[in-house]
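Make the full structure from the sequences, and use the hints.
Sequential numbering of the sequence shown, starting at 1179, is according to the numbering used here.
None of these hints come from the bench; they were simulated from the model. Among the clues, some could well be false.
Subject to a maximum C-alpha distance of 27 Å in a straight line, what follows is the list of computed DSS-like cross-link-like pairs (lysine-lysine) [said to hold, decoys possible]:
(1) Lys1275 <-> Lys1240
(2) Lys1366 <-> Lys1329
(3) Lys1183 <-> Lys1257
(4) Lys1292 <-> Lys1384
(5) Lys1183 <-> Lys1203
(6) Lys1240 <-> Lys1292
(7) Lys1292 <-> Lys1349
(8) Lys1220 <-> Lys1203
(9) Lys1329 <-> Lys1349
(10) Lys1220 <-> Lys1257
(11) Lys1292 <-> Lys1329
(12) Lys1257 <-> Lys1275
(13) Lys1257 <-> Lys1203
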Amino acid sequence: AGLRKVVLGRPQLLGLSVEDNVAPKLDWLQTRFDLDDVQLRKMVLTLPSLFNYSVEANLEPKLHWLQTRLDLDGEQLRKVAGCVSVLSTSIDILESKLEWLQTRLDLDDAGLRKVVLGRPQLLGLSVEDNVAPKLDWLQTRFDLDDVQLRKMVLTLPSLFNYSVEANLEPKLHWLQTRLDLDGEQLRKVAGCVSVLSTSIDILESKLEWLQTRLD
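And the structure:
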């Protein structure tokens, strides 16, 4: 199954020279990320498209830039580079997204690093179509000033995981109605990431159980 996944993820792999391309690239990945054999296998299974990219022209310059730009250690670099959209995006575009995010949220370098580590896929999202509208929605929905918005994103960078229409708005509306919460109370409840990542049905079953048990 693992072999099939790798081949399906990069069929062109079968046309590459083992000695001149595949073996050196695997050796480079293992050394560059300080991986044992199990970690190497996991990385290739997760990102078979790694074989798309030249080490010299793409992977090494981009990894060096990411590590320097965000002051990442080896484990943190593996986490960020584990997002295929990061590896497939140019350094210029990545830099423009980091600059925009840092300016929009008035983040220092440590804050920017925390947000990116909390949601590396963020770097693959469109600023205009996804990130900016979501931040505007959060600020409006929770009636946040810029400082409060920054604090929310730093506390819950995984907010970028969730669709506004399919997850966040229906869940917040349900919570506010179900528990008769004002805006500040809703912010407090929604500030728990496990609430946002749990379905309404499961939240309702827990509330019903708690209400019955403590009645």
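Hint check results:
The suggested pairing of Lys1275 with Lys1240 holds, with an alpha-carbon distance near 15 Å, which does not exceed 27 Å. For the given pair, Lys1366 sits about 12 Å from Lys1329 by alpha-carbon distance, which is consistent with the 27 Å threshold. A threshold of 27 Å between alpha carbons decides the hint, and for Lys1183 with Lys1257 the separation of about 21 Å falls inside it, so the pair holds. With a C-alpha separation of about 31 Å, the suggested pair Lys1292 and Lys1384 falls outside the 27 Å cut-off, and the hint is violated.
Taken as a hint, the Lys1183 and Lys1203 pair is honoured in the structure, with Cα atoms around 18 Å apart against an allowance of 27 Å. Using a Cα cut-off of 27 Å, the hinted pair Lys1240 and Lys1292 holds, with the two alpha carbons roughly 19 Å apart. This hinted pair checks out: Lys1292 and Lys1349 have alpha carbons roughly 26 Å apart, not beyond 27 Å. Between Lys1220 and Lys1203 the alpha-carbon distance is near 15 Å, which keeps this suggested pair within the 27 Å criterion.
Of the supplied pair hints, the one linking Lys1329 and Lys1349 holds, its CA atoms being roughly 21 Å apart against a limit of 27 Å. A C-alpha spacing of about 12 Å is found between Lys1220 and Lys1257, which places the hinted pair at or below 27 Å, so the restraint holds. Restraint check for Lys1292 and Lys1329: satisfied, since their Cα atoms lie roughly 12 Å apart, inside the 27 Å limit. The suggested pairing of Lys1257 with Lys1275 holds, with an alpha-carbon distance near 18 Å, which does not exceed 27 Å.
For the given pair, Lys1257 sits about 19 Å from Lys1203 by alpha-carbon distance, which is consistent with the 27 Å threshold.
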